[in-house]
Amino acid sequence: ENTSTYTLTVSVSDGSLSATADITVNVTDVDETAATRQAIANDIETLKGKQDGHLQTTNIADAQMKLATLKATINSANFVAARQAIEAVMALDDATLMALQGEIDAISAKITALENAGNAPAGTIQPLKDALEARKTAQEVLSNGASGLTTELRKITVPAKTTALRTELGKSSRDYEAILMLIAEGADVNAKDNSGNSALIWAANAGQTATVNALLAVSGINVNVKNDNGNTALIWATFNDHATIVKALLNVDGILVNIIGSRNRTALDWANGLPSSTANTAITTALRNAGAKTKADLDRE
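All you need for this note's numbering is the position in the sequence shown, starting with 1, plus 10.
Derived by calculation from the structure, the hints in this document are not laboratory data.
Keep in mind that the hints are not guaranteed to be accurate.
Claimed, not checked - Okay, derived cross-link-like pairs now, BS3-like style, lysine-lysine, Cα gap no bigger than 25 Å in a straight line: (1) Lys303 with Lys257; (2) Lys181 with Lys81; (3) Lys202 with Lys58; (4) Lys139 with Lys60; (5) Lys305 with Lys236; (6) Lys146 with Lys81; (7) Lys60 with Lys120; (8) Lys236 with Lys165; (9) Lys236 with Lys146; (10) Lys120 with Lys181; (11) Lys58 with Lys120; (12) Lys139 with Lys165; (13) Lys60 with Lys146; (14) Lys58 with Lys139; (15) Lys236 with Lys202; (16) Lys146 with Lys165.
Just so you know, these numbers come straight off a predicted model, no measurement behind them.
With the hints as extra help, turn the sequences into a complete structure.
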């Protein structure tokens with residue numbers, strides 16, 4: 011394999027006459043990895059067929075198509091269609107996900123072994139790696155299911171609906187059903203009115219427990235957003251003695267319990283300053299259990 015050409019000198023004679031000639035023998039190297047590479051490619055194609063089938067049966071493929079349509083044309087109708095398609099997505103069972111991941115790992119091991127052998131023709135292994143990378147991406151989509159698609163959806167907002175939401179938030183009498191509908195149709199869930207109040211801040215302020223719970227279920231909502239006075243939904247819920255809402259907010263991952271708002275007070279400062287009641291005791295306890303501190307506590311630290 012290291013020598014591609016051999017030159018031989020051949021002489022013949024019948025006893026009286028003789029002749030001599032040079033003969034060149036060209037050696038073509040045989041690719042012993044061709045069959046292995048084809049087998050790996052077949053494994054990847056088989057895996058692709060399985061994954062594509064699951065993408066169809068779980069309705070993920072349909073949701074991906076609706077998301078692509080929305081990205082191409084951002085409007086309320088396409089946003090609602092994408093949202094409804096995501097809501098129809100079914101979760102793939104863990105056993106199937108593990109089996110698919112096992113196939114990916116096995117193929118990856120074969121590619122690594124082939125690469126380590128070092129006898130594959132240049133440029134023939136990378137296409138196999140690229141094809142397997144696409145299967146890893148498909149696996150991630152299958153594993154994340156509706157959650158991953160919802161996160162992707164919430165990166166897209168409909169400008170006209172966001173403008174309408176800001177107008178609704180700015181009203182003296184807010185229609186919370188209309189607010190939720192606008193968000194469901196593509197309005198930015200974190201949009202603010204002219205005073206810096208988001209839908210979550212107003213709902214927490216007004217004691218709209220059902221609305222707060224619905225908003226907290228929306229992917230991408232910012233529970234720590236502040237209004238122009240520096241107050242958050244947690245501070246307003248505490249100030250207005252809405253214990254159920256306080257507890258709902260404290261259950262959200264990433265909630266900041268020691269933000270200093272208006273009058274230089276934290277949520278715990280407001281809880282301590284309110285008239286004593288069963289609700290306020292529950293709020294104070296819940297806040298302290300979540301690590302809340304007063305402004306004085308923070309200053310001492």
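How the hints compare with the structure:
At most 25 Å may separate the alpha-carbon atoms for a hinted pair to count; Lys303 and Lys257 meet this at roughly 16 Å. For the given pair, Lys181 sits about 31 Å from Lys81 by alpha-carbon distance, which is inconsistent with the 25 Å threshold. For the proposed pair Lys202 and Lys58, the alpha carbon gap of about 45 Å is over 25 Å, so the pair is violated. This hinted pair checks out: Lys139 and Lys60 have alpha carbons roughly 19 Å apart, not beyond 25 Å.
The suggested pairing of Lys305 with Lys236 holds, with an alpha-carbon distance near 17 Å, which does not exceed 25 Å. Simply put, Lys146 and Lys81 have alpha-carbon atoms about 24 Å apart, close enough for the 25 Å limit, and the pair holds. Distance hint between Lys60 and Lys120 is fulfilled; the C-alpha atoms sit about 19 Å from each other, no more than 25 Å. The straight-line distance between the Cα atoms of Lys236 and Lys165 is roughly 21 Å, inside the 25 Å bound, and the hint therefore holds.
A threshold of 25 Å between alpha carbons decides the hint, and for Lys236 with Lys146 the separation of about 39 Å lies outside it, so the pair is violated. Between Lys120 and Lys181 the CA atoms are separated by roughly 64 Å; this puts the pair beyond 25 Å, and the hint is violated. Annotation: proposed proximity of Lys58 to Lys120 holds, straight-line Cα distance about 17 Å (limit 25 Å). Taken as a hint, the Lys139 and Lys165 pair is broken in the structure, with Cα atoms around 30 Å apart against an allowance of 25 Å.
Distance restraint check for Lys60 and Lys146: the Cα-Cα separation of roughly 13 Å lies within the 25 Å cut-off, and the hinted pair is therefore satisfied. At roughly 14 Å between alpha-carbon atoms, Lys58 and Lys139 fall within 25 Å of each other, so this suggested pair holds. For the suggested pair Lys236 and Lys202, the alpha carbons sit about 10 Å apart, so the restraint of at most 25 Å is met. Taking the CA atoms of Lys146 and Lys165, the gap is about 23 Å. The hint holds against a cut of 25 Å.
The structure is inconsistent with the numbered hints 2, 3, 9, 10 and 12, although it conforms to all the rest.
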